[in-house]
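Residue numbers (the numbering used here), protein chains in the order written: chain A, 858 to 1064; chain B, 858 to 1064.
Hint data in this document are derived by calculation from the structure and do not stem from the laboratory. Warning: the hint list may mix true and false statements.
Since the list gives no way to pick one copy over another, a pair counts as held whenever it fits inside one copy or between any two copies.
Said to hold, decoys possible - Simulated crosslink set (DSS-like; lysine-lysine; CA at most 30 Å straight-line): (1) Lys863 / Lys919; (2) Lys919 / Lys950; (3) Lys1001 / Lys860; (4) Lys1053 / Lys1001; (5) Lys1015 / Lys863; (6) Lys938 / Lys1037; (7) Lys985 / Lys919; (8) Lys1037 / Lys863.
There are 2 protein chains.
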Amino acid sequence: MAKHDKVTVGVSTILNPVPVVMISSAGTDGRPNIMTAAWAGTVNSEPPMLSVSIRKSRYSHKLISETGEFVVNLVSKSLCKACDYCGVRGGEKEDKFKSCSLTPVKAEGLEYAYAIKEAPVSISCVVKSVTELGSHDMFIGEIKSITADSYLLDEKGKLCLENARLVAYNHGEYYLLGEKLGFFGYSVASEDIIAKRMGKDVKKGKK
Amino acid sequence: MAKHDKVTVGVSTILNPVPVVMISSAGTDGRPNIMTAAWAGTVNSEPPMLSVSIRKSRYSHKLISETGEFVVNLVSKSLCKACDYCGVRGGEKEDKFKSCSLTPVKAEGLEYAYAIKEAPVSISCVVKSVTELGSHDMFIGEIKSITADSYLLDEKGKLCLENARLVAYNHGEYYLLGEKLGFFGYSVASEDIIAKRMGKDVKKGKK
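Chain A on its own, in the form it takes in the complex (with noise of 0.2 Å):
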């Protein structure tokens, strides 16, 4: 069979892979809930926001709806197992940062919403639309706040994401980063600058 002979497969959501995130929220009565959601992503770069989308029947969706904030907060992989635990259980009845182990922390520039502490990088976000699409209704969340693991940030102060240690979800599995194979622009970058970025001597290859 030739290397690329194609088949044709039952229309799912096959997108992949795709981040695993921790969404925290609070209601009015200040409770904290976490639910994990796997259809979260990147809309739009300036002014930055994301989309996260959420089943009615969440817990979730009743608070985000109710105080229009939710943190979004990555998942590194100390935190996978809880992370798994609060996709499949309800916060309703649960207090799934206590099932947990995790630690509520208010959220930085939002009046209601909890961070999780444990996690690497948390994004603050107010809800700026809310589209029904099926399932699933998209919030979609303009950025307001951002905090990270102090250990994350370099002696200049910059953003180390690659010793975070984060996690991708992949056709329901979840898989740490592996090999790095590249950076923006390296196809088009000198072999100097591609060794240097990559720490090694590197052929820039074909394209």
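Starting from the known structure of chain A, fit chain B onto it as the hints suggest.
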């Protein structure tokens, strides 16, 4: 410094890791183009939908607006350099399929757009809506058809994306997926299921 001491960093598009996909399209004149997007993601399950955010200045914005069609091609390790190239070069005057030695094939289920033969998975989409967000316009696409390299299907016809060597994008760098950490539901699964799915004797550990 304590482990989760926090610093506030500048507001930016910090959600990571994100997918990186090659969006192929064509105008009514039939000339195909490719652009690379990281501002892409799944936004709905039923019916399956995804979003791609594109700057108005991109040639692909014109083509997709004209035809209402585009293809999302997943990126494997062997496509990574071409993927980067299609993200840094414009398509109005350059035939990027030719420059990258890629093969346009008619996209299944669409009238104008082409898919990339060398991509492991190609997702044919019809534009459902376009929303202006600022720097980018967000196109929501309804998935009409999916083709995949036949070697990715197992003997039961199940698509095994873990064999596709997919690439993720993390803060300006391209990464292969690395160590598998778990699967959806593993935080509440029995040790037998975990051992079976993870292929080794894995302790469930703490949440």
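Right, here's what the structure says about each hint:
For the homomeric pair Lys863 and Lys919, the shortest alpha-carbon distance between copies (29 Å) is at most 30 Å, but the shortest distance inside one copy (43 Å) is not. Taking CA atoms no more than 30 Å apart as the test, Lys919 paired with Lys950 passes inside one copy only; the shortest distance there is 14 Å, against 49 Å between copies. For the identical chains of this complex, Lys1001 and Lys860 are inter-copy neighbours only, at 24 Å across copies versus 47 Å inside a copy, given an alpha-carbon limit of 30 Å. Taking CA atoms no more than 30 Å apart as the test, Lys1053 paired with Lys1001 passes in neither setting, with 34 Å inside one copy and 43 Å between copies.
Only between protomers do Lys1015 and Lys863 lie at most 30 Å apart by alpha-carbon distance; the minimum there is 14 Å, versus 44 Å within a single protomer. With identical chains, the CA atoms of Lys938 and Lys1037 are at most 30 Å apart both within one copy (24 Å) and between copies (12 Å). Taking the closest pair of Cα atoms, Lys985 and Lys919 come within 30 Å of each other both inside a single copy (16 Å) and across two copies (26 Å). Taking the shortest alpha-carbon separations for Lys1037 and Lys863, both the intra-copy value of 28 Å and the inter-copy value of 27 Å come in at or below 30 Å.
Consistency with the previously given hints fails for number 4 only.
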